[in-house]
Amino acid sequence: MKMKILSALFGAALLIAGCSNKVEEKPVVEIKKGKVAPAIEIGKPFVSGTLKDQFGKKGQVTGETKKVIIVFGKATGHLVKEYLNTKPDDYLDKKRVVFIADVSGMPSMILKYVALPDLQKHRYSIFLIRDKKASEKFRNEKYRDYIMVIDLDDGLIEDVEFVTTPKDLEEAID
270 MKMKILSALF
280 GAALLIAGCS
290 NKVEEKPVVE
300 IKKGKVAPAI
310 EIGKPFVSGT
320 LKDQFGKKGQ
330 VTGETKKVII
340 VFGKATGHLV
350 KEYLNTKPDD
360 YLDKKRVVFI
370 ADVSGMPSMI
380 LKYVALPDLQ
390 KHRYSIFLIR
400 DKKASEKFRN
410 EKYRDYIMVI
420 DLDDGLIEDV
430 EFVTTPKDLE
440 EAID
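Going by this note's numbering, 413 is the number at position 144 of the sequence shown; the sequence numbering is gapless.
These aren't lab readings, by the way, just hints derived from the structure by calculation. Some hints here could point you the wrong way.
[As the list claims (entries may be wrong)] Distance ranges between label pairs, derived from CB positions:
| # | residue 1 | residue 2 | range |
| --- | --- | --- | --- |
| 1 | PRO376 | GLU440 | 32 to 40 Å |
| 2 | VAL297 | TYR382 | 30 to 38 Å |
| 3 | HIS391 | LYS335 | 18 to 26 Å |
| 4 | LEU385 | GLU351 | 27 to 35 Å |
| 5 | LYS363 | LEU385 | 36 to 44 Å |
| 6 | GLU333 | GLU293 | 29 to 37 Å |
| 7 | PRO357 | GLU405 | 15 to 23 Å |
| 8 | ASP387 | LYS363 | 34 to 42 Å |
| 9 | GLU333 | PRO376 | 30 to 38 Å |
| 10 | TYR382 | GLU427 | 15 to 23 Å |
| 11 | GLU294 | LYS327 | 15 to 23 Å |
| 12 | LYS321 | PRO357 | 32 to 40 Å |
We treat Cβ as the ideally placed atom computed from N, Cα and C, and that holds for glycine.
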């Protein structure tokens, strides 16, 4: 019975989220001034508040953080995870990068029984935005299908890049 429920949930997840994990390759967009999203403005502090990762561990962006990667979709999330899985276990820590994924649009049952078990297979922290209002503060609708990479200097936002390829992601991080 439990297997039937899990199969139904998995099927529903595929139906709701779509089957494609392909990110359309687009040119890099770099923003060096102005407001990028309601809570992201060049020259202002990046304030994430306290987040929880896929294991329930609390964390936040600090003055030591150099980069923040934020994804708002399934395909971009998979691209970042695939890229990170090619790196050493301590890659994000050494680079002082925080990875945040917006899961606020995901039904709670799918998150609990499908997405979280998958996310828990990864050896690095993926901080989760679970609240839609919080998500709206960080989302730029124009670049929703991109990976957002925020450069920080002592907690202040220096610039923001939107990327769609592993190569561009690597260049944005390094």
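Against the structure, the hints come out as follows:
1. PRO376 / GLU440: 32 to 40 Å: Cβ of PRO376 to Cβ of GLU440: about 35 Å, so the range 32 to 40 Å holds.
2. VAL297 / TYR382: 30 to 38 Å: 36 Å Cβ-Cβ, so the 30 to 38 Å window holds.
3. HIS391 / LYS335: 18 to 26 Å: 21 Å, holds
4. LEU385 / GLU351: 27 to 35 Å: Distance hint for LEU385, GLU351 is violated at roughly 18 Å.
5. LYS363 / LEU385: 36 to 44 Å: 26 Å, violated
6. GLU333 / GLU293: 29 to 37 Å: About 34 Å separates the Cβ atoms of GLU333 and GLU293, which means 29 to 37 Å holds.
7. PRO357 / GLU405: 15 to 23 Å: 34 Å, violated
8. ASP387 / LYS363: 34 to 42 Å: About 25 Å separates the Cβ atoms of ASP387 and LYS363, which means 34 to 42 Å is violated.
9. GLU333 / PRO376: 30 to 38 Å: With Cβ atoms ~35 Å apart, the hint holds.
10. TYR382 / GLU427: 15 to 23 Å: 39 Å, violated
11. GLU294 / LYS327: 15 to 23 Å: Since the Cβ atoms of GLU294 and LYS327 sit about 35 Å apart, the hinted range of 15 to 23 Å is violated.
12. LYS321 / PRO357: 32 to 40 Å: 24 Å, violated
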